[in-house]
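There are 2 protein chains.
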Amino acid sequence: MMPMRKRIPLSARDARYPWLILVPRRAGLSEIHDLKHAERMVLVEEINRASLGLKAITSAVKINVGALGNLVPQFHVHVVARKLGDAAWPGPVWGNGLAVTYERDVKAALVKQLHDKL
Amino acid sequence: MMPMRKRIPLSARDARYPWLILVPRRAGLSEIHDLKHAERMVLVEEINRASLGLKAITSAVKINVGALGNLVPQFHVHVVARKLGDAAWPGPVWGNGLAVTYERDVKAALVKQLHDKL
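Just so you know, the protein sequences line up as chains X and C, in that order.
Sequential numbering from 1 applies to the first sequence in this note's numbering.
Sequential numbering from 1 applies to the second sequence in this note's numbering.
The following block holds chain X by itself, in its conformation from the complex:
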């Protein structure tokens, strides 16, 4: 089984949407089909937990999940809480305008809430 790592890297430092990125702890992966069977089983459960966690701590009406990687080749999965009328609604968050920087306290509180849930 592959331990997955949840973190909030550059592209998720966007206060417009609560946003997690899951990154498998194995270099050289770029597609879901580069993962082994057991790794995919872990991945989908990690996505599930991230989805439930975001839903629990936000007023999201929809969770968006995406593995694109057109710009960053290392395989990663976005899990994003969407709200009616958010900056990109109902379009995708990727490629939509400029990120808004989190206020430090707001980000710390969100990360703490997520850590408690996950």
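The hints are simulated quantities; they were obtained by calculation from the structure and are not laboratory data.
What you were told as hints is all true, and nothing was included just to trick you.
Put simply, identical chains are the same to the list, so a pair is met inside one copy or across any two.
Below, in silico cross-link-like pairs of lysine-lysine (DSS-like), each with a Cα-Cα straight-line distance of 30 Å or less:
| no. | residue 1 | residue 2 |
| --- | --- | --- |
| 1 | 36 | 55 |
| 2 | 36 | 117 |
| 3 | 36 | 83 |
| 4 | 117 | 55 |
| 5 | 55 | 107 |
| 6 | 107 | 83 |
| 7 | 107 | 117 |
Once you've looked at the hints, dock chain C against the given chain X.
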């Protein structure tokens, strides 16, 4: 275990990108966390097969996978073959311009190739 259905519905009728949409055969699902554990196991393997199949029959440099559902509530997963310089590259395909209709022969050939691979 949940049988998954692969089809090319409305939003994937876009000749700009080879594009599959996986729709679980169960009504009332909208989030990945609405699926049961065993259903998620099937889903990720169906995504894997769709990804491998698209990679095999296209010159895709990247497969994009997305479960958005902001407009269509029934849970569904997009699996899209991306090429350098395609109409939306390197952005997401969703919300990008107008779909281009397939010529009937081209679509039939693509569907046949996919059926053979999947």
